[in-house]
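Student: Residue numbers (my numbering), protein chains in the order written: chain A, 1 to 194; chain B, 1 to 573.
These are calculated hints, taken from the structure and not from any lab test.
No residue lacks a Cβ here, since even glycine has one placed at the ideal position from N, Cα and C.
Any given hint could turn out to be false.
[Said to hold, decoys possible] Here are a few chain A residues that sit away from chain B, every Cβ distance over 10 Å (derived from the structure): (1) 29; (2) 38; (3) 42; (4) 106; (5) 116.
[Unchecked claim] Result set (EDC-like, lysine to aspartate or glutamate): computed pairs, CA atoms no more than 20 Å apart in a straight line: (6) A:16 / B:134; (7) B:311 / A:3; (8) A:16 / B:137; (9) B:311 / A:15; (10) B:180 / A:3; (11) B:350 / A:55; (12) B:291 / A:57; (13) A:16 / B:117.
Spelled out, the chains give:
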Amino acid sequence: MSDRQRHTFVVYVEDKPGVLNRVASLFRRRAFNIDSLTVGHSETCSTSRMTIVVETDLIGAKRLEANLYKLVNVVRVHDITQVPAIYRELAMVKVTATTETRTHIMQLVDVFRARVVDVAPDSVVIEITGTEDKIQGLLEMLRPYGILELVRTGRVGMVRGKRSVVVDPADLTGESNVATDDDKADDPNISYSV
Amino acid sequence: MFNVRTGAQIIWEALVREGVKTVFGYPGGAILPAYDAMLDYPIRHILVRHEQGATHMADGYARASGGVGVAVATSGPGATNMVTGIATAMLDSSPILCITGQVGSKLIGSDAFQETDVTGVTLPITKHNYLVSDVDEIASTIHEAMYVARSGRPGPVLVDITKDAQQASTELQWDPSDVKLPGYAPDRRASQAEYQRAAGLINSAKRPVIFAGHGVLLSGAMRQVLDLAERTNIPIAMTLLGIGGVPAQHPLNMGMMGMHGEAWVNAAIQEADLLLAFGMRFDDRVTGNLKTYAPNARKIHIDIDPAEFNKNVTVDVTLAGDLSAVLDDLSPLVESGDRAAWLDMIGEMKGDVAVRDIQNLPDSGQLYAAHVINDIWRMTDGKAIVVTDVGQHQMWEAQYYHHNDPRTLITSGGLGTMGFALPAAVGAKMARPEAEVWVVAGDGGFQMTMAELATIAQEKIKINVAIINNGYLGMVRQWQEFFYERRYAATPLFSPDFAKLAECFGLRGATVKVRRDVEPTVELARADERTAVIDFHVEQEDTVYPMVPAGADLHNMIRRPSLAPIVETADDD
Chain A
1 MSDRQRHTFV VYVEDKPGVL NRVASLFRRR AFNIDSLTVG HSETCSTSRM
51 TIVVETDLIG AKRLEANLYK LVNVVRVHDI TQVPAIYREL AMVKVTATTE
101 TRTHIMQLVD VFRARVVDVA PDSVVIEITG TEDKIQGLLE MLRPYGILEL
151 VRTGRVGMVR GKRSVVVDPA DLTGESNVAT DDDKADDPNI SYSV
Chain B
1 MFNVRTGAQI IWEALVREGV KTVFGYPGGA ILPAYDAMLD YPIRHILVRH
51 EQGATHMADG YARASGGVGV AVATSGPGAT NMVTGIATAM LDSSPILCIT
101 GQVGSKLIGS DAFQETDVTG VTLPITKHNY LVSDVDEIAS TIHEAMYVAR
151 SGRPGPVLVD ITKDAQQAST ELQWDPSDVK LPGYAPDRRA SQAEYQRAAG
201 LINSAKRPVI FAGHGVLLSG AMRQVLDLAE RTNIPIAMTL LGIGGVPAQH
251 PLNMGMMGMH GEAWVNAAIQ EADLLLAFGM RFDDRVTGNL KTYAPNARKI
301 HIDIDPAEFN KNVTVDVTLA GDLSAVLDDL SPLVESGDRA AWLDMIGEMK
351 GDVAVRDIQN LPDSGQLYAA HVINDIWRMT DGKAIVVTDV GQHQMWEAQY
401 YHHNDPRTLI TSGGLGTMGF ALPAAVGAKM ARPEAEVWVV AGDGGFQMTM
451 AELATIAQEK IKINVAIINN GYLGMVRQWQ EFFYERRYAA TPLFSPDFAK
501 LAECFGLRGA TVKVRRDVEP TVELARADER TAVIDFHVEQ EDTVYPMVPA
551 GADLHNMIRR PSLAPIVETA DDD
């Protein structure tokens, strides 16, 4: 498929045991490959927010959205791929650093606007926040020095401006299940659980 | 503390308030408190011989009644035995509620005796499931589970209740109001623009075909579909699970489509310029090769589940929602028409179909499954509820028993579960005791769940069983004949004397080997107050025609060889 690309979904789910398992299981069951999945608290208590990145085509993205809505615990799904949004990821990198190389590494850290958060006699730990590209760039530069350990959080995303994917509190009481807000009006194909 | 109940009592209290009168189950350690409490409630419990049977019975009950069927089992093996029945209900959108006992909440995760992570096991094959370990959540969970099972696109829901929650006591809180779930809104409506686009396509279509799927029955849209078809003169093709949604004898009803559908129905689909898919999902058994499927047709897809849109077949217009509601909105926009040229063309495609019909072959004294099923159809005036198993007999049933009424064919379509028929028929009979219920099963599938004959005997249930016995796992044998050079690996099948088997359960048994014995034996079976099992020894290497080989083009069907001379038979069409 020519229109395959990385789609970013913001998914609000009820904060209940097993919900992450249900979401992850859906991707496996429908043969979608998760690039990354992050989950944490949202601005609304009792609701968690996931950012899920999947490579698929447009029809696949629509089907995925419809399938996510079929999960009873999923409150809201928003494919933010086509709207202006900010994406960030955090990484921590432990790099071999000798007396000779430490200065070079520090310079790279400055250029990438990263931070050194731990220094040991033979290593440093660097924290970097940014897009995946930026993190990838730093990693390329650090690789010759010897990367000892790497951890990445995966992508989180947020739509720019006032337009948001915030859960309508009415949704949480179940009073406003029929599509009413702007996002849904924009998109006649948006689907809900059945 | 007036309303104090144990969790076990609350289970039944909730089920009774939900209108449940019959449950199918099997007791065990972790569900014992619930069973103890059951005796005090107006519940008919059917003791099965295997928990798979309980789920199929609940499924048959749901399909025959349109309500929710309920199955009960204990933890561990009791619950895992339900898996096949749950998956069957899932793929055919059948609303069942499974209640399982779970080990005490303090033991969860300890690999305790008969502990299984049942919510984990059934996660991908349930519409939703719950683990309840708090007695205060039992009533609301059952209320919610029943709602989830029957609303929107129906499906199986499992509620796993720990033993300590069943034993604990609390004040009964019953809130009968509508369930409100933040992320669950089964009533979707498409936009006006989509209705306009759909109507435009229909009004300009010269060669349209309506596809009537299971959704027609689930939505109760039989009248709307027929009204639309009659007003526009659009012919109808049915999926296997759509059978009964449109009367078989209606002149616009062409019959079944797909792998073993009528050849001329498939030919019409390939010629069509518009497909109107009503509550069906373009299963691979219906489409054949997707690359050559209905190449000239625009497609309108109406389904309550938007996840079905563009899954297998890319469509032009999607209308999400409950079929009868969508058709109520769509019909006023659709213009009447006679489409005489298209109907004439379909008449021509029908061509020599009668010549090839096995009913019209000379009586050679051999007994064919098609004879048996056609005779049962005639003798029951087409009014029986027929519950089939899976395989050749299932396709012959679909071809030769002509259903005019909804919910009279009950069959495992999506999952193709052998062993489904006998227990599902018990469920159907419990749902509609006044109806005549027939099982049509093969010798293979029947042996998978024939232990339920004991259930039938114990509960004094009256159904009739026709075993289409050809000594093979017939459908697999047919595939071996066509695609594996007749190498019959593991398909020849020994069977016991089914008539004697029935008799040793105290039921009626009979064996039929020639066609002239079909009618009198069926008559005696129907008249007997006991369940009757008739073992029909049919032609061993008979084949289901026509056939689209898996993945082949829909119009390239293997046809029954045309044999002369042709004789006319009176009643068969």
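Student: All the hints need checking, so say for each whether the structure fits it.
Tutor: Evaluated hints:
1. Annotated as non-interface, residue 29 (chain A) brings its C-beta within 10 Å of a C-beta of chain B; the closest such distance is 5 Å.
2. With a cut of 10 Å on Cβ distances, residue 38 (chain A) stays outside the contact zone with chain B, its closest approach being about 19 Å.
3. Every CB of chain B is more than 10 Å from the CB of residue 42 (chain A) (nearest about 13 Å), matching its label as outside the interface.
4. For residue 106 (chain A), the condition that its CB be more than 10 Å from all CB atoms of chain B holds, with the nearest at approximately 48 Å.
5. For residue 116 (chain A), the non-interface assignment is confirmed: its Cβ lies about 42 Å from the closest Cβ of chain B, beyond the 10 Å cut-off.
6. Proximity of residue 16 (chain A) to residue 134 (chain B) is assessed by CA-CA distance (about 14 Å); at most 20 Å being required, the pair is judged to hold.
7. For a cut-off of 20 Å, the pair hint linking residue 311 (chain B) to residue 3 (chain A) stands: about 16 Å separates their Cα positions.
8. A distance of roughly 14 Å separates the Cα atoms of residue 16 (chain A) and residue 137 (chain B); the hinted pair therefore holds under the 20 Å criterion.
9. Annotation: proposed proximity of residue 311 (chain B) to residue 15 (chain A) is violated, straight-line Cα distance about 30 Å (limit 20 Å).
10. The suggested pairing of residue 180 (chain B) with residue 3 (chain A) is violated, with an alpha-carbon distance near 38 Å, which exceeds 20 Å.
11. For a cut-off of 20 Å, the pair hint linking residue 350 (chain B) to residue 55 (chain A) is broken: about 47 Å separates their Cα positions.
12. Between residue 291 (chain B) and residue 57 (chain A), the direct Cα distance comes to roughly 19 Å. Compliance with the 20 Å bound is thereby established for this hinted pair.
13. Distance hint between residue 16 (chain A) and residue 117 (chain B) is fulfilled; the C-alpha atoms sit about 17 Å from each other, no more than 20 Å.
Hints 1, 9, 10 and 11 from the list above are not met by this structure, while the remaining hints are.
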